[in-house]
Each structure stands twice: as C-alpha cells, then as structure tokens.
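Per our numbering, the very first residue in the sequence shown carries number 266; after that it's consecutive.
Simulated from the structure, these hints should not be mistaken for lab results. For glycine and all other residues, C-beta sits at the position ideal for the given N, C-alpha and C. Incorrect hints may have been included.
Quick list of in silico lysine-lysine cross-link-like pairs, DSS-like style, CA-CA up to 25 Å [claimed, not checked]:
1. 362 / 280
2. 475 / 524
3. 282 / 362
4. 516 / 475
5. 475 / 498
6. 516 / 498
7. 362 / 475
8. 475 / 527
9. 282 / 296
10. 527 / 516
11. 280 / 308
12. 308 / 282
Beta-carbon label-pair distances, calculated as ranges [stated by the list, open to error]:
13. 492 / 513: 14 to 24 Å
14. 368 / 297: 11 to 21 Å
15. 342 / 497: 39 to 49 Å
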Amino acid sequence: MRDRIKIIVNPVSGKGKALRLAEAVADQLRKQGCTVELQQTRKSGDARVFAGDCAGFSALAATGGDGTVNEVLNGLPDGGGPPLAMIPSGTANVLAKELRLPRDPEGLARMLREGREMAWDLGIERRSGRRFLLFASAGYDAHVVHIFHAARTGPIRMWQYVWWGLKSLLGYTAPRIVVEIDGIAVTSEAAWVTIANVACYGGPLVFTPKASPENQTFEVMVQVGAGRWTVMKMFWFAIWRWMTGAQFSMKGVTYHQGKQVKLTSADGRPVPLQVDGDPNGHLPGEFDIIPGGIRVLAP
Numbered sequence: 266m267r268d269r270i271k272i273i274v275n276p277v278s279g280k281g282k283a284l285r286l287a288e289a290v291a292d293q294l295r296k297q298g299c300t301v302e303l304q305q306t307r308k309s310g311d312a313r314v315f316a317g318d319c320a321g322f323s324a325l326a327a328t329g330g331d332g333t334v335n336e337v338l339n340g341l342p343d344g345g346g347p348p349l350a351m352i353p354s355g356t357a358n359v360l361a362k363e364l365r366l367p368r369d370p371e372g373l374a375r376m377l378r379e380g381r382e383m384a385w386d387l388g389i390e391r392r393s394g395r396r397f398l399l400f401a402s403a404g405y406d407a408h409v410v411h412i413f414h415a416a417r418t419g420p421i422r423m424w425q426y427v428w429w430g431l432k433s434l435l436g437y438t439a440p441r442i443v444v445e446i447d448g449i450a451v452t453s454e455a456a457w458v459t460i461a462n463v464a465c466y467g468g469p470l471v472f473t474p475k476a477s478p479e480n481q482t483f484e485v486m487v488q489v490g491a492g493r494w495t496v497m498k499m500f501w502f503a504i505w506r507w508m509t510g511a512q513f514s515m516k517g518v519t520y521h522q523g524k525q526v527k528l529t530s531a532d533g534r535p536v537p538l539q540v541d542g543d544p545n546g547h548l549p550g551e552f553d554i555i556p557g558g559i560r561v562l563a564p
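Kindly produce the complete structure, drawing on both the sequences and the hints.
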C-alpha cells in the first residue's frame with residue numbers, strides 16, 4: 266500500500282476539469298489515511314520543478330494531458346524516483362488509453378494506492394536530454410504540432426488539432442530525412458518518421474501497431490514519398506487500423522525495430538521534431554531506448 270502521494274496538476278487542463286478531478290482523487294486518498302500533497306502548476310516548467318522534489322513519496326501523479334505527464338517525467342531525478350502515474354484530463358490522453366486507466370476518482374485513488382508497477386521502456390532524445398514515454402517524430406505531424414503550439418492561447422481541443430492539420434496541409438512541403446537505425450542506413454528520402462514506444466496515437470489513430478513499452482525496442486515507421494495525398498492516405502490507414510485492428514501495408518511505408526535511431530535533414534532545411542505531442546526543436550535527433558527505465562502505475 267502506498268501512503269504518501271504527490272499529485273501535480275495543470276489547473277487549466279480541461280477548462281478546470283483537471284483540478285476538480287485531482288482534488289476529488291486527493292479527497293478519496295485522504296479518507297483512506299494517505300498523506301497527499303497537491304501542487305498546481307502556474308507556468309511551463311513548474312511541473313518539472315515540482316517532480317524533482319519527490320523524495321519520500323511512494324507515488325507521483327501527473328494530472329492533465331500527455332504533455333503534463335512528459336513534463337513531470339522530465340523532472341524526475343536521474344536514476345528514478347517514485348512510480349509515475351497519470352490522472353487523465355487532457356485532450357488525447359494516449360498514456361491513459363494505453364494503460365486503460367479508470368476515469369472516476371475512486372478508481373484512480375485505488376490505482377494510486379494499490380495499483381501494480383510496470384517497468385516501461387523509456388525513450389530519450391540525447392541531444393536535448395528529453396525523455397519520453399510514448400513517441401517522437403519528424404515529418405507532417407511534428408510540423409502541425411509546432412505551428413499549433415505557436416498559435417494556441419489556452420486549453421487544447423481535439424477539433425483544433427484537426428483544423429490546424431487540414432489548414433497546414435494546404436501549404437505543406439514534405440522534408441527529406443536521413444534515417445539510421447542501430448547504425449544501419451535505412452533511407453535519405455524519408456518524409457515522415459515516427460519512433461514509437463506505444464501502438465496508439467492521439468485520437469482514433471494507429472501508426473505503429475507492433476510498438477510496445479515492454480519489448481525493449483522502438484517500432485520505427487518510415488514513410489517515403491512527398492505530396493499532400495500521401496499524408497491524407499496515412500491518416501485514413503491509421504484510422505482504419507484503429508477501427509479494425511487489421512494488419513496491412515501501405516506503399517512507401519516500412520516498419521523497423523531498433524534501439525538507437527538517428528534522424529538528420531538531408532538538405533539542411535529545418536525539420537521540426539515533436540516528443541510526446543509537444544515541440545522539441547528541430548533535427549538532428551538521436552534517440553535511445555532504456556529498457557525498463559521507468560516505473561509506471563497501472564490498475
């Protein structure tokens with residue numbers, strides 16, 4: 266049983282839903298005799314600072330979306346800390362879907378106090394030092410993430426991602442990316458590369474169906490071929506795969522397993538990079554997997 270729990274919450278997530286949910290979970294835990302520290306972020310970077318001060322806690326919960334979880338993850342001390350948990354109230358909640366987390370305060374409190382610990386593989390982008398649980402990518406989706414986050418002024422809604430995706434597609438020019446996996450050159454003509462630790466993407470999309478956080482390797486999707494129609498086909502295939510679970514191939518798309526991935530721009534153009542749904546600068550990028558590198562709480 267865990268009896269001392271820290272909850273970090275982004276109070277604007279879900280138009281205040283995150284804070285209300287965090288307080289309800291904290292109340293449930295206190296009724297069960299737990300000591301709970303609830304900290305609210307006010308600006309970017311607060312969650313990272315709060316997570317760094319985690320000594321003596323038996324669990325650390327991030328309340329909000331996948332971006333809040335990633336910020337907390339990157340604040341954990343080197344070498345670990347308490348197991349990481351999510352109280353989901355964001356837009357995509359990819360981690361919550363992957364772990365099949367409950368949504369009610371009682372179920373979430375029970376998970377924090379009694380849930381099982383899973384040893385998840387941990388991704389890290391070496392140049393920035395950024396850790397990630399879910400995925401990193403360069404290509405069309407990273408392009409959308411960058412322009413959307415530059416324009417956003419408040420909480421994120423799923424329709425906004427769709428709107429910005431369609432809007433940005435009109436003037437989109439695909440990059441040329443050099444891909445190297447475990448020291449082996451794969452291509453210098455990739456337009457979109459996803460380095461995944463999980464199968465699901467945000468929303469009803471599956472781009473990397475064989476990715477798993479417990480198999481000690483990334484699944485790397487490499488798409489070759491420019492053009493807006495190709496991008497649209499990628500999303501239709503991802504939706505169809507999510508709906509049916511079918512395994513099928515698409516021309517110009519290959520899948521690879523690897524522990525180390527290097528991406529560079531083939532022509533020197535700036536190529537946006539995203540990590541766990543947030544901007545992370547531009548290529549080049551160097552990605553390693555750390556087997557079992559983080560403990561995550563699940564029901």
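Between residue 475 and residue 524, is the straight-line Cα distance small enough, at 25 Å or below? Since the Cα atoms of residue 475 and residue 524 sit roughly 15 Å apart, the hinted pair holds (cutoff 25 Å).
Hint consistency between residue 362 and residue 280 [alpha-carbon to alpha-carbon, up to 25 Å]: Holds. Residue 362 to residue 280 sits at ~21 Å (cutoff 25 Å).
Hint check: residue 516 vs residue 498, CA-CA at most 25 Å. Holds or violated? 10 Å, holds
Taking 14 to 24 Å as the stated bounds, is the beta-carbon spacing between residue 492 and residue 513 within them? At roughly 20 Å between Cβ atoms, residue 513 and residue 492 fall inside 14 to 24 Å, so the hint holds.
Hey, residue 475 versus residue 498, does the alpha-carbon distance stay inside 25 Å? Satisfied, since the Cα-Cα distance of roughly 20 Å is no more than 25 Å.
Does residue 362 sit within 25 Å of residue 282, going by the straight-line distance between their CA atoms? This hinted pair holds, its Cα atoms lying about 18 Å apart.
Given the hinted pair residue 475 and residue 527, is their Cα-Cα distance within 25 Å? 20 Å, holds
Given the hinted pair residue 516 and residue 475, is their Cα-Cα distance within 25 Å? 18 Å, holds
How does the Cβ-Cβ distance of residue 368 and residue 297 compare with 11 to 21 Å: does it lie in that range? 19 Å, holds
Does residue 475 sit within 25 Å of residue 362, going by the straight-line distance between their CA atoms? 16 Å, holds
Assuming the hint says 39 to 49 Å, is it satisfied by the Cβ distance from residue 342 to residue 497 or not? Hint holds: Cβ distance 43 Å, inside 39 to 49 Å.
Pair hint outcome, residue 280 versus residue 308 [Cα-Cα no greater than 25 Å]: Holds, at about 16 Å.
Checked against the numbered hints given earlier, the structure satisfies every one of them.
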